[in-house]
Amino acid sequence: MSIQEHLQAFVTVISLVNPAICAAMFSRIEAGQSPRTQFLDATKASIAILIILILAALFGIQVLNQFGVSLNAFQVAGGGVLAWMGFGMLKGDSAKAQTSQDNQQKPSLTPLILFAASPGTITGVITIAVNHSRTRLPLTAIVAVCVTMLLTWPVMIAVTRLGGHQGPGF
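If you use this note's numbering, the sequence shown corresponds to residues 191 to 360, in order.
Be a bit skeptical, because a hint or two may be false.
Cβ-Cβ distance ranges computed for the label pairs, FRET-style [as the list claims (entries may be wrong)]: (1) 301 / 262: 29 to 35 Å; (2) 226 / 256: 39 to 45 Å; (3) 193 / 225: 36 to 42 Å; (4) 263 / 296: 19 to 25 Å; (5) 237 / 198: 33 to 39 Å; (6) 326 / 277: 22 to 28 Å; (7) 198 / 298: 32 to 38 Å; (8) 192 / 224: 40 to 46 Å; (9) 221 / 326: 43 to 49 Å; (10) 230 / 337: 20 to 26 Å; (11) 223 / 255: 20 to 26 Å; (12) 280 / 324: 38 to 44 Å.
Read the hints as simulated data drawn from the structure, not as lab findings. Because the structure is a prediction, the values reported are computed rather than measured. All C-beta atoms, glycine included, are put in the ideal place defined by N, C-alpha and C.
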């Protein structure tokens, strides 16, 4: 495994996870929470994303093979999902968030986790695991995921604590 492969894997994963957007989402979700709660929630979200992406690196190709899906078909489908999500973002969502007394509970981290460990990110991690692995252990993909999450976690905390929430949007 060359340094070029590790660097390529890291750049791919960090661009797919996108720590800046994760931090903005996290800041919006955690607005009004105590610093301790923010720290714990950032840790929980980062660990969940890390586990999902490492499992994708370790077992993704086996799952695809079990269902008879080739890596090329998976990459095309993943690209289609990314394009569909991108067009949805360009179009915008006219639905407004509804606030009720029942909805004033602790906000969910699920949207953040689903953004960072999206189908596109999982596709990228599986592709890296297959293309950069000469052994059964996809070390390049695992290292890229770990380094990305080690960078994303403090960015989420820092942006939230430095006042990253600036109004109704993010």
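Hint check results:
no., hint, verdict
1, 301 / 262: 29 to 35 Å, "holds, 30 Å"
2, 226 / 256: 39 to 45 Å, "holds, 42 Å"
3, 193 / 225: 36 to 42 Å, "holds, 38 Å"
4, 263 / 296: 19 to 25 Å, "violated, 40 Å"
5, 237 / 198: 33 to 39 Å, "violated, 25 Å"
6, 326 / 277: 22 to 28 Å, "violated, 38 Å"
7, 198 / 298: 32 to 38 Å, "holds, 34 Å"
8, 192 / 224: 40 to 46 Å, "holds, 45 Å"
9, 221 / 326: 43 to 49 Å, "holds, 44 Å"
10, 230 / 337: 20 to 26 Å, "holds, 22 Å"
11, 223 / 255: 20 to 26 Å, "violated, 43 Å"
12, 280 / 324: 38 to 44 Å, "holds, 40 Å"
Comparing the model with each numbered hint stated earlier shows that hints 4, 5, 6, 11 do not hold.
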